[in-house]
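Student: Here is what each chain is made of, one letter per residue.
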Amino acid sequence: MGRVAIVGVGHSKFGRRTDVNVAELAFESIKGAVEDAGIDKKEIKNVVVGSAGGWYEESLPAVIVNEYAGLDSVGTMRVEAACASGSAALKAACNSIASGEGDIAMAVGVEKMTEVDTMTSVELIGRAGSYTWEFENYGMTFPAYYALYAVAHMNRFGTTEEDMARVAVKAHHYGSMNPNAQFQKEITIEKALGSQVVSWPLKLYDACPLSDGSAAVILASEDVARKLTDTPVWVRGIGYSSDSANLSRRPDYVGLGASVEAARRAYSIAKVEPSSVDVATCHDCFTIAELMAYEDLGFCKKGEGAKMIREGETEIGGRIPVNLDGGLKAKGHPIGATGVSMAVEVTKQLRNEAGSRQAPIKNGIGLVHNVGGTGHYAYVTILSRD
Amino acid sequence: MSGDPALHSRRSLTLRFDIPISRTKEFWDALREGRFVTTKCKECGNVAFPPQADCSRCMSSQFEWVDLGKEATLVTFTRVQITPASFVENDPYVIAIAEFKGGTKALAWLEGVEAEKAKPGMKVKVESRTSKEGNPYYVFVQA
Chain A
1 MGRVAIVGVG HSKFGRRTDV NVAELAFESI KGAVEDAGID KKEIKNVVVG
51 SAGGWYEESL PAVIVNEYAG LDSVGTMRVE AACASGSAAL KAACNSIASG
101 EGDIAMAVGV EKMTEVDTMT SVELIGRAGS YTWEFENYGM TFPAYYALYA
151 VAHMNRFGTT EEDMARVAVK AHHYGSMNPN AQFQKEITIE KALGSQVVSW
201 PLKLYDACPL SDGSAAVILA SEDVARKLTD TPVWVRGIGY SSDSANLSRR
251 PDYVGLGASV EAARRAYSIA KVEPSSVDVA TCHDCFTIAE LMAYEDLGFC
301 KKGEGAKMIR EGETEIGGRI PVNLDGGLKA KGHPIGATGV SMAVEVTKQL
351 RNEAGSRQAP IKNGIGLVHN VGGTGHYAYV TILSRD
Chain B
387 MSGDPALHSR RSLTLRFDIP ISRTKEFWDA LREGRFVTTK CKECGNVAFP
437 PQADCSRCMS SQFEWVDLGK EATLVTFTRV QITPASFVEN DPYVIAIAEF
487 KGGTKALAWL EGVEAEKAKP GMKVKVESRT SKEGNPYYVF VQA
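So the protein lines, in turn, are chains A and B. Okay, so the first sequence: first residue is 1 according to our numbering, each after it adds one. Okay, so the second sequence: first residue is 387 according to our numbering, each after it adds one.
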């Protein structure tokens, strides 16, 4: 298998994008990625589109997106791995190059979640567990799924609502420095703790918003990457795993088994330790999810996630800065775009292009952690400068 | 909402599914009689919940029904304040996961207990209910 590098990245503004349709939205990041890579778009032979879909009018987004951007006759497909669809798209595009199918491919993540009303969006996400056993009679929602984890984590390890609020405060702090973020205002712990309860103990400020947005990365084989750029960011390893749809089949509710396994595989393929990660994006769809991610990815021991946020270990200047783009919480979480957006952020960090929110890069290693559903899917992608 | 011009689509779509239950019909029949049963593989002994006719461990399709009893222990819970569109008529509800003797777990509403007073480790029991459409379902109540 050949080496593959990210050679171009593009990112739309995330938020309530009532000014564009899904193809126009995807175009923003595709154009950005093509320009960043310095290639002719005709050199792209394979386009994988990550999108969960259902909340916007088009049923076959891959062809709609390609047609609008003039990506004629490309090999293409839409992939779905819930909120990890973007990472699944990146993996599929990456594999196409590693297997020798072609030299340049693109992964595009796009979602438009606000073309239906908010309660319908909540319904569509809530149905994405085990429909018959969890939704039909009980009306599960995604905040409710993560609240079940939060209560168990609080009960087992003494994690508090204030610890979770600290994650939101950090996210909004870095979101305020990211012009593409949905929310660009700082918040306080008091404001987070006083916000409306969505699914107790999770409140509005524990939850990521409904978002529209897109992101794109262009990937190239080693020879082509070295010709195109002096700063290729290598895909060193992608680990993935999955878990039951039925939550009642899981052994416990204090971490995501799929994240643990995906991370183990990614570290093993990339031959790196958690301690050598300079910067990471973690899947903080809810604040409790970020705390569990610290533990599941081996940044700390099980049960010590809250300690990491309390001690500032995941801020710039801390041991492993996490979600310096504002995370899903403040940057926004357009489902299918998120995994690609995370790869864009870590690529910029490794290229030292993140400006005021730049992490110190010592080992040249970044990590992308992207969860689909409540750990139904998990992808961990390790990127590096060398 | 935003003031941006939009084509307000004229076409709407209602989805209503007929979900096949013929292979696990005994579960729903027993529930109507107030019993909570599930499948046990005759080949490898795997007890599954939700019930399934094909064993996910050894792939055998030979199974028997076993009674899980009524008593269970609360594992975790939440109170859903913001409900999905099709549940807007409901008051906020408490959703819990509880574990039966032998380790089988199930997810259902926890009725009659304030979320503030619920606690992992608390004893609950499972009860049958019938929806206004006539469909059987189950809930947990305080033991």
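A couple of the hints might just be wrong.
[Said to hold, decoys possible] Which chain A residues stay away from chain B? Per the calculated CB distances, all over 10 Å, these: (1) 57; (2) 77; (3) 120; (4) 123; (5) 130; (6) 132; (7) 134; (8) 144; (9) 186; (10) 191; (11) 249; (12) 357; (13) 358.
[As the list claims (entries may be wrong)] Calculated cross-link-like contacts (lysine-lysine; reagent style DSS-like; alpha-carbon spacing at most 27 Å): (14) B:428 <-> A:301; (15) B:428 <-> B:491; (16) A:185 <-> A:307; (17) A:302 <-> B:491; (18) B:491 <-> B:509; (19) A:31 <-> A:42; (20) A:31 <-> A:45; (21) B:487 <-> B:426; (22) B:491 <-> B:411; (23) B:487 <-> B:505; (24) A:302 <-> B:505; (25) A:191 <-> B:503; (26) A:227 <-> A:302; (27) B:456 <-> B:503; (28) A:307 <-> B:509.
[What the hints assert, rightly or not] Only some residues are given here: those of chain A computed to face chain B with a beta carbon under 7 Å: (29) 139; (30) 148; (31) 151; (32) 157; (33) 195; (34) 199; (35) 313; (36) 317.
I should point out that these hints are in silico values taken from the structure, not numbers from a laboratory. All figures in this text were calculated on a predicted structure; none of them were measured in a lab. Even glycine gets a Cβ: it sits at the ideal position worked out from N, Cα and C.
Student: If a hint holds in the structure, say so; if it does not, say that too.
Tutor: Going down the list of hints, with the structure as the test:
no. : hint            : result
1   : 57              : violated (7 Å)
2   : 77              : holds (24 Å)
3   : 120             : violated (5 Å)
4   : 123             : violated (4 Å)
5   : 130             : violated (8 Å)
6   : 132             : violated (6 Å)
7   : 134             : violated (6 Å)
8   : 144             : violated (5 Å)
9   : 186             : holds (24 Å)
10  : 191             : holds (18 Å)
11  : 249             : violated (7 Å)
12  : 357             : holds (28 Å)
13  : 358             : holds (33 Å)
14  : B:428 <-> A:301 : violated (40 Å)
15  : B:428 <-> B:491 : holds (20 Å)
16  : A:185 <-> A:307 : holds (25 Å)
17  : A:302 <-> B:491 : holds (23 Å)
18  : B:491 <-> B:509 : holds (13 Å)
19  : A:31 <-> A:42   : holds (13 Å)
20  : A:31 <-> A:45   : holds (16 Å)
21  : B:487 <-> B:426 : holds (15 Å)
22  : B:491 <-> B:411 : holds (20 Å)
23  : B:487 <-> B:505 : holds (18 Å)
24  : A:302 <-> B:505 : holds (22 Å)
25  : A:191 <-> B:503 : holds (25 Å)
26  : A:227 <-> A:302 : violated (44 Å)
27  : B:456 <-> B:503 : holds (21 Å)
28  : A:307 <-> B:509 : violated (31 Å)
29  : 139             : holds (4 Å)
30  : 148             : holds (5 Å)
31  : 151             : holds (5 Å)
32  : 157             : violated (12 Å)
33  : 195             : violated (12 Å)
34  : 199             : holds (5 Å)
35  : 313             : violated (27 Å)
36  : 317             : violated (35 Å)
Consistency with the previously given hints fails for numbers 1, 3, 4, 5, 6, 7, 8, 11, 14, 26, 28, 32, 33, 35, 36, ordered from lowest to highest.
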